[in-house]
Amino acid sequence: AQRVTQPEKLLSVFKGAPVELKCNYSYSGSPELFWYVQYSRQRLQLLLRHISRESIKGFTADLNKGETSFHLKKPFAQEEDSAMYYCALRASTGGGNKLTFGTGTQLKVEL
Amino acid sequence: KAGVTQTPRYLIKTRGQQVTLSCSPISGHRSVSWYQQTPGQGLQFLFEYFSETQRNKGNFPGRFSGRQFSNSRSEMNVSTLELGDSALYLCASSPYLPDSLGGYTFGSGTRLTVV
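One line per chain: the protein sequences are C and D, in this order.
Counting from 850, one number per residue, gives the positions in the first sequence under the working numbering.
Counting from 2, one number per residue, gives the positions in the second sequence under the working numbering.
Among the hints, erroneous ones may be present.
As the list claims (entries may be wrong) - Distance windows between CB atoms, simulated:
hint, chain 1, residue 1, chain 2, residue 2, range
1, D, G59, C, F925, 27 to 33 Å
2, D, S80, C, S889, 29 to 35 Å
3, C, S904, D, A3, 40 to 46 Å
4, C, E869, D, R16, 42 to 48 Å
5, C, Y888, D, A3, 19 to 25 Å
6, C, N913, D, S80, 29 to 35 Å
7, C, F863, D, T81, 46 to 52 Å
8, C, K922, D, T81, 41 to 47 Å
9, C, K914, D, T81, 39 to 45 Å
10, C, D911, D, E53, 35 to 41 Å
11, D, K14, C, S877, 47 to 53 Å
12, C, T917, D, S80, 21 to 27 Å
Since the hints were derived computationally from the structure, they do not count as laboratory data.
Note that CB positions come from ideal geometry on N, CA and C, so glycine has one too.
Assemble the whole structure, with the sequences as input and the hints as a guide.
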């Protein structure tokens with residue numbers, strides 16, 4: 850069975866400080882990992898996917914298979930980054946897919 | 002283009018009743034998934050449909066069911082509602098199955114309250 854762990858429920862940083870949101874996973878197959886973000890009163894939206902190795906809104910995430918981690922990082926936090934962040938793993942089973950989400954980390958960027 | 006549309010946005014039902022929620026995916030998307038979001042359990046996978054076939058199912062009781070129509074629209078049904086079914090139900094669509102390059106696009110959800 851797959852599992853995604855986000856150890857921090859709340860992460861509070863000051864504006865301009867570096868941000869790292871932790872995500873660890875457990876999965877026997879080849880993982881496909883995503884970060885989703887939910888801003889206040891908005892729908893859940895895709896932020897990053899590991900396979901595209903892109904940087905969105907200054908955020909990056911690198912898949913580390915040795916440490917089974919997919920931490921989300923940003924060098925300088927902005928006030929508008931305050932949101933709920935979910936790490937998710939897609940597992941393909943029996944011809945279908947499903948996303949397994951972590952419990953989420955609330956990021957609060959303080960001025 | 003229009004996003005994922007879920008109706009209704011809010012529902013209040015009584016224990017023992019049944020409810021049907023609707024999801025219209027992004028035009029051209031053929032895969033629809035459903036998730037339950039609660040403060041205690043977080044986001045949990047319910048089921049996934051592709052080309053009118055259920056491809057995957059989460060660990061929910063048989064009271065939770067769904068279907069997908071030929072136009073890719075999907076409905077989920079919960080029968081004999083319990084207080085614990087109160088949650089935000091999210092629908093997500095993606096272009097095709099399997100899709101190893103893209104992610105899922107989520108709707109705004111249907112907030113179900115069981116009293």
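The hints, checked one at a time:
At about 38 Å, the CB distance of G59 (chain D) to F925 (chain C) disagrees with the hint of 27 to 33 Å. For the pair S80 (chain D) and S889 (chain C), the supplied restraint of 29 to 35 Å holds, since their beta-carbon distance comes to about 34 Å. Range check, S904 (chain C) to A3 (chain D): about 28 Å between beta-carbon atoms, so the 40 to 46 Å window is missed. Roughly 44 Å separates the CB atoms of E869 (chain C) and R16 (chain D), a value that falls within the hinted 42 to 48 Å.
Checking the proposed 19 to 25 Å range against Y888 (chain C) and A3 (chain D) shows it holds: the Cβ atoms sit about 20 Å from each other. Between N913 (chain C) and S80 (chain D) the C-beta distance comes to about 44 Å, which lies outside the given range of 29 to 35 Å. Here the CB-CB span from F863 (chain C) to T81 (chain D) is close to 50 Å, well matched to the stated 46 to 52 Å. For K922 (chain C) and T81 (chain D), the hinted distance range of 41 to 47 Å is satisfied, since their beta carbons lie about 46 Å from each other.
One distance hint, 39 to 45 Å for the beta-carbon pair K914 (chain C) and T81 (chain D), holds here, with the actual separation near 44 Å. D911 (chain C) and E53 (chain D) have their C-beta atoms about 38 Å apart, which keeps the hinted 35 to 41 Å range intact. Look at K14 (chain D) against S877 (chain C): about 39 Å separates their beta carbons, and that is not inside 47 to 53 Å. Take T917 (chain C) and S80 (chain D): their Cβ atoms lie about 39 Å apart, and the range 21 to 27 Å is violated.
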